[in-house]
Every structure is written in C-alpha cells, then in structure tokens.
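Participant: Keeping their order, the protein sequence lines are chains A and B. For what it's worth, my numbering labels the leading residue of the first sequence as 4, then goes sequentially. For what it's worth, my numbering labels the leading residue of the second sequence as 4, then goes sequentially.
Simulated from the structure, these hints should not be mistaken for lab results. Don't take each hint at face value.
In silico DSS-like links for lysine-lysine, alpha-carbon gap of 27 Å or less [to be verified]: (1) A:K110 - B:K254; (2) A:K110 - B:K23; (3) B:K110 - A:K254.
As the structure is a prediction and not an experimental result, all values here were calculated from the model.
Number of protein chains: 2
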Amino acid sequence: MQDAPRLKTFLKDCQDRVAKTLEHVLPAAEQPPTRLHQAMRYAVLGEGKRVRPTLAYASAQALDLAPERVDAGAAAVELIHGYSLIHDDLPAMDDDDLRRGRPSCHKAFDEATAILAGDALQTLAFGVLAQDDAAAPEAPARLRMSAALARAAGSIGMAGGQALDLESEGSDLDLVMLENIHIHKTGALIRASVQMATLACPALEPAKAEALDHYAKCIGLAFQIQDDLLDVEGETDVIGKQSGADAAHEKATYPSLMGIAAAHEAANELISDALASLEPFGAGADPLRWIARYIVSRER
Amino acid sequence: MQDAPRLKTFLKDCQDRVAKTLEHVLPAAEQPPTRLHQAMRYAVLGEGKRVRPTLAYASAQALDLAPERVDAGAAAVELIHGYSLIHDDLPAMDDDDLRRGRPSCHKAFDEATAILAGDALQTLAFGVLAQDDAAAPEAPARLRMSAALARAAGSIGMAGGQALDLESEGSDLDLVMLENIHIHKTGALIRASVQMATLACPALEPAKAEALDHYAKCIGLAFQIQDDLLDVEGETDVIGKQSGADAAHEKATYPSLMGIAAAHEAANELISDALASLEPFGAGADPLRWIARYIVSRER
C-alpha cells in the first residue's frame, strides 16, 4: 500500500502527541492511591493503536486546525476508550483475560481496582475537557465537546451498545440488530473523536461537519466488521487477544451472519463511501484517507 | 429540634426540585436499551435523602442565587452519588445486597447491568453540566463546575477514597488514615455539592467561597462519623442497609477507633465548627444551619 509509510509517520506523531497529554494528565504511579493509579496507567499507557486520537488529529488537519486545539479532545476519547476496555473485560461482562497481548486490568490487578480504574478514567476524560488550558478551544466549544462525549459514551451511546451486546448473547440477531449494537458500542465514540475536531473549529460550515460525520459513521462500522473478521481469521499472538473468542461466546458477528467474503465486501464498500465523503476536502484530509484504507487492511 | 419542620419543608422542596431534573435527564424506562435505563432509574429515582443536591440548593440560597442556576449541578452530584453507590455495592467491592431498604442494583438486575448503569450515570452527570440550558450559568462557570466535579469524583477524590478504603480492609488503620479515606470517599463530593453553587455565583468574594468550603469539609466528615455510628447503633430496617456490616467486614470506623461517645463528640464539634463558618452569612444560610444540625441527629 503506497500510503503506508506516510500513515506510519502520521500515526507515530499522533501516538506520541496523545501519549504526552495522557502522561501529563494521568496521576503518577507513586501518587496515592498507588494501586489505583498504577491500574489506570497500565490500562491507558503503553501499546494501543490510538485510532480515536489519531482520528481527532487527522480531522483537525483536514480542517486546517492546529493540533493543540484537539489535544484535550484526543486524550479524552482515548481515556473513555481505555475505561470501556477495562469494564468490558470484567468477569461479569465479556470475561476477557487478555487485552493488547497482556493480562487485562482485572487480571493484572484485581476486580475492584479494575472497576475503580475504569470509573476514574471516565472521570478524567471529562476533567481533561474542562481543564483550563490556553491552547484549548473557548469555553462554549469545550462544553459542546463535553456534551458530545457524554452522548457518545453514555446509555444511548457506547455503554448502551455494550448493554445491547450483552442482552443479545445466545439470541438470534439479524444484521439490523447487529449493526445497531455496533453503531452504539463502537461507532458513537469514533464519531465523537471526529467531533472533537469539528466542534473545536470556529465557524465551520455545517456541510463540512456533516461530511466528516458521515466519514466517521462509515469507518466506524467498517472498523467493527474488520474486528469481527480478525477474530475469525487472525492469530491470537497477532491480534493481542484470544482468537475465536466471539464464536466461543456464540456471538453474532458480521462474518457469522453474512459470510466472510460478504463481510470483507461490506467493509470495503463502507470505506469507499467514507472516501467519497472526503471529496470536498483537499490534501489536508489525506491522513483521514490513509486511516480509512488502513482500517480494512490492518491485521490487528 | 425546633428547626425540624422548616428543614423538612426545605428538604422536600429540594427533593422535588432535583427529582424533576433527574426525571427530565434520565432516559425513559421504555427507551432501549430498556434494562440499562430501568437500572439507572431504579438506582437514582425513588427514595434517597438527596443530601448533596440539598446542599447545593442551600448554598445557593446562602449566596442569594436563584435555584435555577444550580439545577444542573444539583442533579450532577446526585448522579455521581448514585453511580458510586451502585459500584460500591458490587460483589467485587463492598458486596452489599441492600441499599435504601431495597435490593441493591446488581441484585435487582445483574452485575453487568449494574456496572454499566453506574458507568452511564457518571457519564450523564457530566452530560447534564454540559447541556445547553438558558437558566444554567455561563459556559466558563459550567466548565469550572465540570472540572470541580471531575476532581471530586476521580482518583484523587471519591474513587480514590473507595480504593483506599478497599486497600485498608483487614489492616490496622489509625485515625489519620481513616480520616484520609473519608475526606476522599465522601467528603470530596460533599464539597463539590457546595461548589456547584459557589462556582455558579458570578463575582463571589473568595472569603465567602472559602467559608462555605470549610462548612462543607466539616459537615462531610461529621456525616461520615454519623454513618459509622448508625452502623453500630442503628437498626437494619431503619437505616435501610445491613446494620453491623462494618464490623462484619472488620472495617475501621470512628466508633471502633475512638469509642462511641468520643465519636459523637467529634461529630458535634465538627458541626459547631461548620456553624461558626456560617457567621458571615445572614438568614439565607439558615438551611445550611439546619442541615448541619440534622446530620448529627439523623437516624438513617
């Protein structure tokens, strides 16, 4: 893929940038309560693709917005993502022992600490958006970002999607129901990641905000289809979690409902749609284009 | 107690007022995901003393601030409180089957739903503060409220206090360590409740904000001492949770460390201190005075 080296550089820049913010806002490992802070840092720092912060920075670049303006938003979506992974992995939820190739938070620490670490990471996400910072957008914009993040993360967003997902285990899902789960469970936060840039952009034409939102919807769903495909086709040591876990949980997935070939095709169509919505944008949107193409080609 | 009838009326007004906001911001029970929304409503609506919203409204009255200005803040602190009760009751945490005289959320629903309901209630708290509302304070004030709530709820506030509390089970705590737990676990959110009013008040003299903050610190600790005393002295059917639960968990409490009489005395001294800090305020601060006196006289 010809844009792979450029994407790699862009990803690295975004990863470094969000790592710096996260390191700055996360309490030190030696600050009491130390076990809680260690668990928070364990779950958020270190490896991680940083897809959501990267989307925020890439959207900023498409809008000609300085990256400083989305630092808080990029860290906030990653903190929400980190909290959700901890809680999703809990025994009462998906009961996953592995995450990103390491013991999941409740295995590395304990269940109570993992619950609290997730809780505190969510709090921190909203704290980061509310923090005074000269480079951050004006107060009204930051409030809109906070409202958007709350919508995306809450009971009619990500947490609601996880609830729908748990309710559906063992029952017969059709594609519409499956898509509804993913629109909430993963799609909402991916859209919010892009909104961290559009909401930080003063006087943005609504058509551009809508185009980027459409892009986010498409790649969000494609991302999930690819995740399902990786669960079927991937190797445990490459994807960093137990391969075949979905089948073991009798979970409906895109490949199980529509077949592997059709799932690949659906993901590719969504990516074409996402790329089409970027047509009004110039070369500044190239990182968004690279990301879209990366989503369906990634191996983990 | 001569101010009991007036406090009763004031409490009722505050309870009705916050109930109206909560009813407005909580998704309907029939809105999908229904089980999640039912669990959220179960945990937050219905009975509950509403101490924290009442403190916000009473502080507003002391500052001659219209109650509309703290509606969002009052609901937000109650939502955070509601989320913390759900998570604290979980098997991996305090493992409590009863809450406010009813099955705790994970008993009435299930553990996964309870975790998600707590998560989504926390999200909603920050969502409420970020919501556009003509009566709400200006954006910079609401951001400061959001930042204060995040500090109070997070790893160096309430969640951190719960972590310290869990770490300390079975170990020998002294009074300083016990106080440190309570300052974080319950004190931080009580201070934030008062801050929902002081931060909504434009051009407030710092001395008044500090006086109210001192009041909040004192009653927060007194509230916890009284809670410990109720656990020793109260009846299960009156306090609405299992009496003697602290002793069964080998938890250090004020009565266990300093004796029942001395614990009563400490609570009373804190209340005197709280009342003294209200001296610069006129009759508008009477509800805060009633609340302070109520804390050490309550039976549940």
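Participant: None of the hints should be skipped; say for each whether it holds.
Facilitator: Going down the list of hints, with the structure as the test:
no.	hint	in the structure
1	A:K110 - B:K254	25 Å, holds
2	A:K110 - B:K23	42 Å, violated
3	B:K110 - A:K254	25 Å, holds
In terms of the numbered hints stated before, the structure departs from hint 2 and from no other.
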